[in-house]
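Enquirer: Using the sequences and the hints given, assemble the complete structure.
For the record, the sequence lines run as chains Z and S.
Take 1 as the starting number for the first sequence in my numbering and just add one per residue.
Take 1 as the starting number for the second sequence in my numbering and just add one per residue.
Honestly, I wouldn't trust all of these hints.
[Said to hold, decoys possible] For lysine-lysine, the following DSS-like pairs were computed, each having C-alpha atoms within a straight-line distance of at most 27 Å:
hint, chain 1, residue 1, chain 2, residue 2
1, Z, 41, Z, 66
2, S, 100, Z, 20
3, S, 112, S, 15
4, S, 100, Z, 64
5, S, 15, S, 57
6, Z, 14, S, 42
7, S, 42, Z, 20
8, S, 100, S, 5
9, Z, 66, Z, 55
10, S, 71, Z, 41
11, Z, 41, Z, 64
12, S, 100, S, 57
13, S, 100, Z, 55
14, S, 100, Z, 66
15, S, 58, S, 5
16, S, 42, S, 58
17, S, 112, Z, 41
18, S, 100, S, 15
19, S, 5, S, 42
20, S, 5, Z, 41
21, S, 100, Z, 41
22, S, 71, S, 58
23, Z, 41, S, 15
24, Z, 66, S, 42
25, Z, 66, Z, 20
26, S, 42, S, 57
27, S, 58, S, 100
28, Z, 20, S, 5
29, Z, 64, S, 42
30, S, 71, S, 15
[What the hints assert, rightly or not] From chain Z, some residues computed to sit far from chain S (all C-beta separations above 12 Å):
hint, residue
31, 10
32, 13
33, 15
34, 64
35, 65
36, 70
37, 72
38, 73
39, 74
40, 78
It should be emphasised that the hints constitute simulated quantities derived from the structure, not laboratory data.
Yeah, the Cβ is synthetic: ideal placement off N, Cα and C, and Gly gets one too.
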Amino acid sequence: GAVVSQHPSWVICKSGTSVKIECRSLDFQATTMFWYRQFPKQSLMLMATSNEGSKATYEQGVEKDKFLINHASLTLSTLTVTSAHPEDSSFYICSVQGRREMGTDTQYFGPGTRLTVL
Amino acid sequence: QQQVKQSPQSLIVQKGGISIINCAYENTAFDYFPWYQQFPGKGPALLIAIRPDVSEKKEGRFTISFNKSAKQFSLHIMDSQPGDSATYFCAARQGAAGNKLTFGGGTRVLVKP
Numbered sequence: 001g002a003v004v005s006q007h008p009s010w011v012i013c014k015s016g017t018s019v020k021i022e023c024r025s026l027d028f029q030a031t032t033m034f035w036y037r038q039f040p041k042q043s044l045m046l047m048a049t050s051n052e053g054s055k056a057t058y059e060q061g062v063e064k065d066k067f068l069i070n071h072a073s074l075t076l077s078t079l080t081v082t083s084a085h086p087e088d089s090s091f092y093i094c095s096v097q098g099r100r101e102m103g104t105d106t107q108y109f110g111p112g113t114r115l116t117v118l
Numbered sequence: 001q002q003q004v005k006q007s008p009q010s011l012i013v014q015k016g017g018i019s020i021i022n023c024a025y026e027n028t029a030f031d032y033f034p035w036y037q038q039f040p041g042k043g044p045a046l047l048i049a050i051r052p053d054v055s056e057k058k059e060g061r062f063t064i065s066f067n068k069s070a071k072q073f074s075l076h077i078m079d080s081q082p083g084d085s086a087t088y089f090c091a092a093r094q095g096a097a098g099n100k101l102t103f104g105g106g107t108r109v110l111v112k113p
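Expert: In structure tokens, the structure reads:
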């Protein structure tokens, strides 16, 4: 599998500020990373697909100007929540697309970042 | 519209018992079906996965059964242990759509000692 880290693991910010979350692939060069958000006791919802060297592809209903994604290298993708509001409080998780079995790509997840907006 | 339906929402099993979680899908374009285990405050961890050309896959205490004609698949956790208490998510991947994963709603499993 792939080892994925996220930083920070948790963050508290004031309403109106911007927060950047980093996702790193530690042992694998990832051309594709995914960003999810998860509300308490709910499932994971895909926000966007991050492709190295190109613009991210956002899922329907996700504001691309609010959730800025940059995938500048094969090991790093960042998610910036701009002008955060309390409703943006959530658990944000990234994943790396890696190869588990021959010919099969699957996703390996980071530990997540808990964002609380006051 | 939820494309992957997972049941039950929660499950309580005695230590040593069998936990069974079921998922059903509609989109025949799905081509890979992983299961993830998630502990509170942590990211999901890949547990086991199956492709639709295989009817069963076993890894240790975890077994996936897959019924392509019924578009259903299930996870069996044998000899359940308290450490297995977690939330389990089934997922389905659509390779032709950029390998996106669609997740089921999750099942909270509690294994009582």
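Enquirer: Each hint: holds or not?
Expert: Hints versus structure:
no.	hint	in the structure
1	41/Z / 66/Z	24 Å, holds
2	100/S / 20/Z	23 Å, holds
3	112/S / 15/S	6 Å, holds
4	100/S / 64/Z	18 Å, holds
5	15/S / 57/S	23 Å, holds
6	14/Z / 42/S	24 Å, holds
7	42/S / 20/Z	19 Å, holds
8	100/S / 5/S	17 Å, holds
9	66/Z / 55/Z	14 Å, holds
10	71/S / 41/Z	26 Å, holds
11	41/Z / 64/Z	25 Å, holds
12	100/S / 57/S	22 Å, holds
13	100/S / 55/Z	16 Å, holds
14	100/S / 66/Z	22 Å, holds
15	58/S / 5/S	22 Å, holds
16	42/S / 58/S	25 Å, holds
17	112/S / 41/Z	20 Å, holds
18	100/S / 15/S	35 Å, violated
19	5/S / 42/S	23 Å, holds
20	5/S / 41/Z	16 Å, holds
21	100/S / 41/Z	22 Å, holds
22	71/S / 58/S	19 Å, holds
23	41/Z / 15/S	24 Å, holds
24	66/Z / 42/S	25 Å, holds
25	66/Z / 20/Z	12 Å, holds
26	42/S / 57/S	26 Å, holds
27	58/S / 100/S	24 Å, holds
28	20/Z / 5/S	33 Å, violated
29	64/Z / 42/S	26 Å, holds
30	71/S / 15/S	30 Å, violated
31	10	9 Å, violated
32	13	19 Å, holds
33	15	23 Å, holds
34	64	16 Å, holds
35	65	22 Å, holds
36	70	18 Å, holds
37	72	20 Å, holds
38	73	20 Å, holds
39	74	16 Å, holds
40	78	17 Å, holds
Against the hints set out earlier in the document, violations occur for numbers 18, 28, 30, 31.
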